[in-house]
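Enquirer: Letter by letter, the chains look like this.
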Amino acid sequence: MAAPLSLHLEFGGGAELLFNSEKKHQVSLPGQAGPWDIRQLLVWIQQNLLKERPELFIQGDTVRPGILVLINDADWELMGQLDYQLQDGDTVVFISTLHGG
Amino acid sequence: MAAPLSLHLEFGGGAELLFNSEKKHQVSLPGQAGPWDIRQLLVWIQQNLLKERPELFIQGDTVRPGILVLINDADWELMGQLDYQLQDGDTVVFISTLHGG
Amino acid sequence: SLTAKSSLSNEDIMRYSRQLLLPEFGVKGQINLSKTSVLVVGCGGLGCPLAQYLAAAGVGRLGLIDYDEVELNNLHRQVLHREENQGQAKALSAASAIKSLNSTVQCCPYQLQLSPENALDLIQQYDIVADCSDNVPTRYLVNDACVLSGKPLVSASALRMEGQLTIYNYKGGPCYRCLYPAPPPPDTVTNCSDGGVLGVVPGIMGCLQALEVFKIASGQGSSLHQQLMMFDAQDARFRSIKLRPRQSDCAVCGQNPSVTKLVDYESFCGSAATDKCRKLNL
Amino acid sequence: SLTAKSSLSNEDIMRYSRQLLLPEFGVKGQINLSKTSVLVVGCGGLGCPLAQYLAAAGVGRLGLIDYDEVELNNLHRQVLHREENQGQAKALSAASAIKSLNSTVQCCPYQLQLSPENALDLIQQYDIVADCSDNVPTRYLVNDACVLSGKPLVSASALRMEGQLTIYNYKGGPCYRCLYPAPPPPDTVTNCSDGGVLGVVPGIMGCLQALEVFKIASGQGSSLHQQLMMFDAQDARFRSIKLRPRQSDCAVCGQNPSVTKLVDYESFCGSAATDKCRKLNL
Ligand SMILES: [Zn+2]
Ligand SMILES: [Zn+2]
Numbered sequence: 001m002a003a004p005l006s007l008h009l010e011f012g013g014g015a016e017l018l019f020n021s022e023k024k025h026q027v028s029l030p031g032q033a034g035p036w037d038i039r040q041l042l043v044w045i046q047q048n049l050l051k052e053r054p055e056l057f058i059q060g061d062t063v064r065p066g067i068l069v070l071i072n073d074a075d076w077e078l079m080g081q082l083d084y085q086l087q088d089g090d091t092v093v094f095i096s097t098l099h100g101g
Numbered sequence: 001m002a003a004p005l006s007l008h009l010e011f012g013g014g015a016e017l018l019f020n021s022e023k024k025h026q027v028s029l030p031g032q033a034g035p036w037d038i039r040q041l042l043v044w045i046q047q048n049l050l051k052e053r054p055e056l057f058i059q060g061d062t063v064r065p066g067i068l069v070l071i072n073d074a075d076w077e078l079m080g081q082l083d084y085q086l087q088d089g090d091t092v093v094f095i096s097t098l099h100g101g
Numbered sequence: 001s002l003t004a005k006s007s008l009s010n011e012d013i014m015r016y017s018r019q020l021l022l023p024e025f026g027v028k029g030q031i032n033l034s035k036t037s038v039l040v041v042g043c044g045g046l047g048c049p050l051a052q053y054l055a056a057a058g059v060g061r062l063g064l065i066d067y068d069e070v071e072l073n074n075l076h077r078q079v080l081h082r083e084e085n086q087g088q089a090k091a092l093s094a095a096s097a098i099k100s101l102n103s104t105v106q107c108c109p110y111q112l113q114l115s116p117e118n119a120l121d122l123i124q125q126y127d128i129v130a131d132c133s134d135n136v137p138t139r140y141l142v143n144d145a146c147v148l149s150g151k152p153l154v155s156a157s158a159l160r161m162e163g164q165l166t167i168y169n170y171k172g173g174p175c176y177r178c179l180y181p182a183p184p185p186p187d188t189v190t191n192c193s194d195g196g197v198l199g200v201v202p203g204i205m206g207c208l209q210a211l212e213v214f215k216i217a218s219g220q221g222s223s224l225h226q227q228l229m230m231f232d233a234q235d236a237r238f239r240s241i242k243l244r245p246r247q248s249d250c251a252v253c254g255q256n257p258s259v260t261k262l263v264d265y266e267s268f269c270g271s272a273a274t275d276k277c278r279k280l281n282l
Numbered sequence: 001s002l003t004a005k006s007s008l009s010n011e012d013i014m015r016y017s018r019q020l021l022l023p024e025f026g027v028k029g030q031i032n033l034s035k036t037s038v039l040v041v042g043c044g045g046l047g048c049p050l051a052q053y054l055a056a057a058g059v060g061r062l063g064l065i066d067y068d069e070v071e072l073n074n075l076h077r078q079v080l081h082r083e084e085n086q087g088q089a090k091a092l093s094a095a096s097a098i099k100s101l102n103s104t105v106q107c108c109p110y111q112l113q114l115s116p117e118n119a120l121d122l123i124q125q126y127d128i129v130a131d132c133s134d135n136v137p138t139r140y141l142v143n144d145a146c147v148l149s150g151k152p153l154v155s156a157s158a159l160r161m162e163g164q165l166t167i168y169n170y171k172g173g174p175c176y177r178c179l180y181p182a183p184p185p186p187d188t189v190t191n192c193s194d195g196g197v198l199g200v201v202p203g204i205m206g207c208l209q210a211l212e213v214f215k216i217a218s219g220q221g222s223s224l225h226q227q228l229m230m231f232d233a234q235d236a237r238f239r240s241i242k243l244r245p246r247q248s249d250c251a252v253c254g255q256n257p258s259v260t261k262l263v264d265y266e267s268f269c270g271s272a273a274t275d276k277c278r279k280l281n282l
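Protein chains in written order, with this note's numbering: chain A, 1 to 101; chain B, 1 to 101; chain C, 1 to 282; chain D, 1 to 282.
Think of the hints as simulated: they come from the structure by calculation, not from any bench. Check each hint, because a few of them may be wrong.
[As the list claims (entries may be wrong)] No farther apart than 25 Å at their CA atoms in a straight line, the calculated lysine-lysine pairs in the DSS-like style are these: (1) D/K242 / B/K24; (2) B/K23 / C/K28; (3) C/K171 / C/K242.
Please put together the full structure from these sequences, using the hints given.
Expert: If you want it as structure tokens, here you go:
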């Protein structure tokens, strides 16, 4: 059983509006048998942080189109996407793409 | 006798013009009996990096007026100034103030 | 294309003297810039400062596309237009302001909606494209047209107190579809007309966008290759993100593209190519 | 001072609708902004974009100081001026551009050199000062006058491909003299007229400077308190530095100040208050 995991979550580009308009969240994920990955983090966010209209954030087991996920300032595509195994102290950012001009 | 010290030095705002127009310098200070401080670093820079006109960079035992020194993204005044003891991996930035508009 | 220029006139030397002094730029950079044509898609909050600084610096030719007309609620951020231009075509209003700033720049206003029918023809006439548009279908359209024409796309956006800047289709970096293969659900899209925007935020992003266009045009190359720059005005913080490279399975820039000509982007996105009423009734 | 405004006209609501939508700003922020007066010291590369965006957003009163006249070599970065304004006073040229963008802003052009004789009188009439000047003596003069009058000073600078932005004399943070107690040796000072500047760099810095003025004026407060923002255009990188607080031994804002009235800043700095010929023969 691994120790609890401390994460720094950020939401931006409008995604924060689904989280009480708070952009920064310091969270602690409970210890579990194996490591936490992003797929599990999304379920945790949906159950613990997301206040309303989850379909505006999650579709199926991933984020909805138009949200970019960044792990420690890198595109999650470079880090293994849903399979990335979270480390204590990681920063994960969810950014909604802006289209205005 | 302490191990050699690896430092990341940066020059900007025009101060880089005294260093071959190179803004970033990865340097290694030789091991010595006690710790290195900024006062000693300035002497080392003058002897090893500074190509010409040292008076445009150093006056007495400190930097000339109009150059700001930053240690790991903080004003050196907050860090003990000339007496700050350098740690391996530190970033030290020398920025010339800009006045143009 | 532009007449090849191999030297600067005396007036050019006087006008651009402050940037000719820069070792990174110099006479060669100025001549390169004067040979470069840039297409600006959208003369709004981003397009105004971008066009203003590119013209001031002496870009060769500037195409200005906008189908819309100047309204009073534009003036808090669309700083090329004046009160007296209300009701006029934005493309013409912007072109007239540009001319009074630098009459030596060739300025081509297009009062039209960029569409799958006209986009390739227009984009093929330019070296660099700046996406300053305000809606999702236009962003996919501009991206696909740039990939199909092989043009670098400098793309900025702004909303509320945030901004984003990326370069697509440039030196092995991703295109817009590599990052966003599927369009966002129309319900999740907020435009400036419903979300609001602080005027100086597109000002900052349009200036940064102009800087990258400028660096590509002068021959230095953009430093935002395969990067996304994000700006949060509330805490005055910038963050640069390393992006994925070009994706081999991308629908338009991948190895076996399914998009080989422009398509119907309003249907694809389920929304109209305007920031005024965001949903399309299909 | 400005007439106290407690509500917005219908035209205000139309014009500023896109920023009234912002929860951080809203009607209260707009009314606060309309009650605020800002003094812009210098109508050059920084002052032009700053004045442009503050006026567009609806600042109450804008003072525009510049002793100089528009020259051709200004136009690559000083985007409020037009070719036809060459030879005119910059303060008047800028004021006329501002009026055509937003006629509801009170605009006060001053064609004069800010000096120890007039600085306090002028600064006392404004709530916030923006230093957009181009030389060392003026920067010390503006600083001391702001400290003696208790005004926040939003200060930007640009040279070659770099920019800096700080807020002085604000919420316990340092003043310019706290950071730079002694002036730089005149030999080490490079101005835009000898070092050059890429035009869009003061564009970016002036817009960021306007943002911080805007945040102070609307009541949100600046996020650059006791911070220095540095920009390197070559690699499109911003860096924010934590600065020292107000220094108790500062000559002007310290506990026993030696500077209690304005002094002769050209003598103090050994250079003239212009960016044209940098050395003063003493
Ligand atoms: Zn692609
Ligand atoms: Zn002080």
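Enquirer: Decide, hint by hint, whether the structure agrees.
Expert: Outcome of the hint check:
no. : hint            : verdict
1   : D/K242 / B/K24  : 21 Å, holds
2   : B/K23 / C/K28   : 23 Å, holds
3   : C/K171 / C/K242 : 14 Å, holds
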